[in-house]
Amino acid sequence: MIPAAFDYYRPTKMDDVIALLQEHGDDARVMAGGHSLIPMMKLRMAEIPHLIDLQAIDGLNEISIEDGQITIGAMVTQHDLINHAGLEAAAPILREAALQIADPQVRYMGTVGGNVANGDPGNDMPGVMQCLDATFALVGPDGERSVAARDFYEAAYMTAREDEEVLTSVSIPAPQGGYAYEKQKRKIGDYATAAAAVQIVKEDGKCTAASIAMTNLSDTPIYSVDAGAALVGTAVDAAALNAAKAAMLGNIDPTEDNRGPVAFKKHVAGVILARAIERAWSRA
Amino acid sequence: MKDEVESRDDRVANLKGMGCSRKRVEDARFTQGKGNYVDDIKLDGMLFGDFVRSPYAHARITNINAEEALKVPGVLAVLTAADLEPLGLHWMPTLAGDKQMVLADGKVLFQGQEVAFVVAEDRFAAADGIEAVEVDYEELPVIVDPFEALKTDVVLREDLVAQDGSIPDGAHGPRTHPNHIFTWEAGEKEATEQVLDNAEVLVEESMYYHRTHPCPLETCGCVASMDKVNGKLTLWGTFQAPHAIRTVVSLISGIEEHNIRVVSPDIGGGFGNKVGAYPGYVCSVVASIVTGKPVKWIEDRMDNLMTTAFARDYHMTGKISATKEGKITGLHCHVTADHGGFDACADPTKFPAGFMNICTGSYDIPTAFLEVDGVYTNKAPGGVSYRCSFRVTEAVYFIERMVEVLAIELGMDAAELRRINFIKKEQFPYKAALGWEYDSGDYHTAWDKALTSVDYDGLRAEQAQRVEDFKAGKTRKLMGVGLSFFTEIVGAGPVKNCDILGLGMFDSCEIRIHPTGSAIARLGTISQGQGHATTFAQILASEIGLPADSITIEEGDTDTAPYGLGTYGSRSTPVAGAATAMAGRKIRAKAQMIAAYLLEVHDNDVEFDVDRFVVKGAPEKFKTMKEIAFAAYNQAIPGIEPGLEAVSYYDPPNMTYPFGAYVCVMDIDVDTGVPEIRRFYALDDCGTRINPMIIEGQVHGGLTEALAVALGQEIAYDDMGNVKTGTLMDFFLPTAWEVPNYETDHTVTPSPHHPIGAKGVGESPHVGGVPCFSNAVHDAFRAFGLRQTNMPHDHWRIWKTANELGLHD
Ligand SMILES: Cc1cc2nc3c(=O)[nH]c(=O)nc-3n(C[C@H](O)[C@H](O)[C@H](O)COP(=O)(O)OP(=O)(O)OC[C@H]3O[C@@H](n4cnc5c(N)ncnc54)[C@H](O)[C@@H]3O)c2cc1C
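Keeping their order, the protein sequence lines are chains P and S. With this note's numbering as the guide, the letters of the first sequence map in order to residues 1 to 284. With this note's numbering as the guide, the letters of the second sequence map in order to residues 1001 to 1809.
These aren't lab readings, by the way, just hints derived from the structure by calculation. Each residue gets a CB set at the ideal place from its N, CA and C atoms; glycine is no exception.
Computed list of chain S residues with no C-beta within reach of chain P, every gap over 10 Å:
| no. | residue |
| --- | --- |
| 1 | Cys1020 |
| 2 | Leu1076 |
| 3 | Thr1336 |
| 4 | Pro1366 |
| 5 | Glu1437 |
| 6 | Met1582 |
| 7 | Ile1640 |
| 8 | Asp1667 |
| 9 | Pro1692 |
Pairs of lysine to aspartate or glutamate, DMTMM-like flavour, derived with a Cα cap of 20 Å:
| no. | chain 1 | residue 1 | chain 2 | residue 2 |
| --- | --- | --- | --- | --- |
| 10 | P | Lys187 | S | Glu1676 |
| 11 | P | Lys245 | S | Asp1669 |
| 12 | P | Lys185 | S | Asp1669 |
| 13 | P | Lys42 | S | Asp1730 |
| 14 | P | Lys245 | S | Asp1809 |
| 15 | P | Lys185 | S | Glu1738 |
| 16 | P | Lys42 | S | Glu1131 |
| 17 | P | Lys187 | S | Asp1669 |
| 18 | S | Lys1724 | P | Asp257 |
| 19 | P | Lys185 | S | Asp1667 |
| 20 | S | Lys1477 | P | Glu278 |
| 21 | S | Lys1319 | S | Glu1193 |
| 22 | P | Lys42 | S | Glu1299 |
| 23 | S | Lys1626 | S | Asp1549 |
| 24 | P | Lys187 | S | Asp1730 |
Based on the provided sequences and hints, a complete structural model is requested.
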C-alpha cells in the first residue's frame, strides 16, 4: 500500500493553488485532511502526480454565525464541528452527524470541505448539507461562484466543481425545528448501510416544513423532496411516516455490496428514515 | 537479618510466584513504543523485497517480462520461478505434507498468489517495480466451492495427477478425485449408523463455519542476512515456531543447521497466522544469498488478509440421536474441508483434520463417527489460524450447535439437555468415543455456577415475556440467551502421536542460576503477546524460590534457546510450562544437596520452604536459595560439580483439557438486524492459575475475537475467486466501541498429569465464545421456528433470518 510517486506542493496563497491546478489539469489534486484521498492513492486507485496541500492557505478554518447564516470554512475539521458551542446551538444536526463519522482520529484530520467535495456517496456531510439546503462557495480561474448542495452531486466522484476550482466554504441558512441524523453502520469507522438527515418544523401539532436527505443509497446523496412533502400538513402519524418512507424509496437506488443486498438496504432505509423522523419530530 | 523477621506470607508475596496477578514485565517497553519488531530491524545496506501477486484466482502464466521493472530506479532484481528452479526452491514443503509454489510455476491457484519477487533498494522502489512487471495470464475456470471441486473436470493441481491420469495417494492416504486431498476417519462407522438408525429421536443439521482470518496487528515479515564470509545465515522473522523454521530452512536450502540462526523478535500477535513457512521467507533468503546483502520482506495489510494462513472454511453435517428423555446416544459428523490451493495446514502428521475428533464435546456420547474430506479450491492456502489446524473451534461449534438443535427437536431447555449429558466428575479420566482421554473435569459444578451467576431462570422468564410483547406488537426487539459449554484439547503434544513434519512436539526449558541468586531461563516457545516473560518467571519463582523479578525469560533465538516447537495451540504452558517446572525441580534437587552440606545435615533432613531449605524440625536453621546459589559457584563442595543449571525437555504424557461455561444475553433489532450484547459471562477452568490478571486479559482478547468471527468477520470470495474483504473497511476487526463488558469467573480443576496442574487458556475464549454468540442469535429466533442459520451473523444475515421467518410483515 504505497502510492505512486508524486510531487508535493504546499502553497500559501489561493492564487497559487489555482495556478497549479491550471498548469497540471487532471494530474493535480488538492488535499485537505487527506483521509479520503490518501487511502485511494495508497491503494493505487488514484494516481496523483501533483498533490497540492491546502493546510497552509489562510482563511479556510473559520466558522461564523451571523444574521441567520452559518458559514463554515472548507478546512474546518469534523472535530471542530463537534466542539463548536455556537454551532451546536445553531445547527445541532451537524454535531450529531459528525459524531457518526469514522472515529476521533479521522475526525481530527478530515475536513468539511473534503467531505462534501469528495463526491463519495458514502460520505455523510453531503446528505446533511442537502437537508440543510447549504450552498458551496467555489473559487477558480474565473473568480467565485456558488452552487447549491442539492445541485452539486452528479454521480459517484462527479460533482459540479470544475477541476480547476477549489471549494472555500459552506453556507447554511440557520435551520428551524427538530433535527436528526440516523445512521446504521456495521462497525465504528464504517460508511452507512443507510442514513437519513431530517429537519422538521412543527406548528400547532402539525408539520409545516420538512427536509429529508439520504446517504449511501444511490451514487449520490438523495434529497427527497417527495418524502418531505409527504409529512407537511400531517401530525406525523403512522400514515404520514409510511407515505414519507414510500416517497423516499421511490427516489433511492441502492446497490449490493458487502453490507448486503438491495432488498435489505431498502428495508433498512425505510426503518432508519422513520426513526430519524420520529426523533426529529420529538425535538421539533 | 531481614529474612528472619519476614513472615512466611511476606516471603511468598515477595516471590511473585504462581497465583499472583503480577504486572506484565513486557508492558514497560510496549506501552512506551519501545518494542522491537521485525520491521524495526534495520541493517547496513539492507534491501527490500516485495511480490508481484496474481489478480486472478486461477490462470496459466504464459509470460513474465521484467524489463520495464528493472529500469525503475532502485530496482535491482526480479526473481521468478525460473530463477528458483535450478536451486530446487520454486516449490517448498508445507507443514501438512503437501508442497506449495514459492513463486508461480506456470500457473496460479488463488488471488494474491506470489508470482515474482522484486528486490529493490527500498520498499518504495519495490512498489513501483511491482507495477512495472508485465505478466501475461490465461484465465482458467475458477472453483471456489469445495463440493463443486469434487465433481468438476477442472484440475487445480496437475502436479498431483499421474501421467496416465490416475490419482496417486497423498500424504494422508488415498484420494478420490484430482481436487481431493484426503479422507480422515475417527470412531466406529457401522456401530454409529446402527445407533442412529434405531434412535428414538434423530436430528440432522448442516452448517458452514465460514472462512476467516486472525488479522494480527503486525503482519508477517522477515529479514534474511547471509554472511558470505562465515557462511552463516541469520533470519529474523515473525515466527511462532522459530526452531521448526530453522529446521525447515535447513532441509530445503541444504545449509547446515548450525549455520542458520533464526530469531523471533517481539511479535505483534500471531494466532496461528505466523506458524507456517511463507514464500516471502524463501525469497528473502535467496535474494540475500544472491545479492550478499540483507533483504527485508514485510506484508501489507491486504497481503496478510488475502494470502496468509486463514481459519476455518468447514462445511459440517451432523446427525445426533437421543432417547426421548434427552440422553444422547450417538453422533455422526461429516466435514468437507476447504483447504485452498495448497494444503498448508500445520497439523500433527497423524491428524490431517487436527483434533476435530474432540467433536463429542463435553458430553458422554457412547458411540460416534467422524469423517473429514479435505479439498483443493482456488482460495488462499494455510488453514492454520485461530486453532484452525487443530480444528477444535470447529469441533466445539459443531457440537454446541447440534446440542441446541437437539434441544429444539426435543422441546427441551438447552441448559438442561447439556446438564443431563455432561461427562460426570467421577468418570475422569474419560475415554471419549473418538479416541481422546480427557484428563480431568467437573462440568456440573461449572455449569451450575454459571447459570446461577446469570440468574438463568430469570433470563428465560424475561425472554418469554419479550416474545409475548413482540407478538403483541409492543416491541421490535427479541432477546437471545446464548449458551456454550466447551471442552478444549490443548498442549500438543505427546511425541508418540504428535509431530509436525517428523518434529516431535515436546518443548523445553534451560535454566541458569547466577551466583548472586538471579536467573535466566530460556524456552523453546515464543510469546506473541501472551506474557511469557511474566508467567514463566512466576512458575520458576514458585519452583526455585527466587523472586520472579530476579528471573529473566528469553525465547525466540535458536542460537541460545533450547529446541522446542513454539507457541500455538495453547501449548506453551502445558508443554514448555511443564518443562520449566521440571527444570526448576532439577535445580531444587541440586540446591537441596548443597543446602544439606552447608547446614551439615543429611540431604533428607532438609526440606524446601518457599525460598529456602530448612532443617526439618528446626526452621531457624536454613539456607536461602540466594545463599545456595552463591555457594554453588564459589564453594568447593565434595562430590558436587560447581554451578547451578538445568535443562528439561518435556514430552507430555497426555493433552490437557481446559473447559468453560459461557452465557451471552443479546437483544436483536428485528427490523435492522442489529444485535446488541447486553451481557457476557465467561467461566473458565484452565486448571491451576498462574497469573489471574493475564488469564483475564487472554479471555477478554479471545472473546473479542469470537465476537468478531460470530458477528461479521470473514474472508469472503466472489464466484471469480476475488477476495471481497481484503481491507479493514470490509473485514471486521472490533474496537472498544463494539465490545461489551465481559464478566469473568472460574473454577479450578487441575490437570492430574501436568507438573503444576495447569492446562492452558489462550484459545479457550475463542473456542467457547463463537458458539455462545452464535447460539444467542439462534436462540432469539427459536420461538419463531429457527433451527440453523450460518455465521457470520452480520446485520443483513440476521435481517434475512427475520425476513424469512416472516417477522417483517
Ligand atoms: C477509516 C475511515 C473511516 C471513514 N468513515 C467515514 C464516515 O463514516 N463518513 C464520512 O463521511 N467519511 C468517512 N471517512 C472519510 C473522512 O471523513 C474524510 O476525511 C473525508 O471524506 C474527506 O475529507 P478530507 O479533508 O480528509 O479530504 P481529502 O481526503 O483531503 O480530499 C478528498 C477529496 O476531496 C477533494 N478536496 C478536498 N478539499 C477540497 C476543497 N477544499 N476543494 C475542492 N476539492 C477538495 C480532494 O481533492 C479529494 O479528491 C472515513 C475515512 C477513514 C479513513
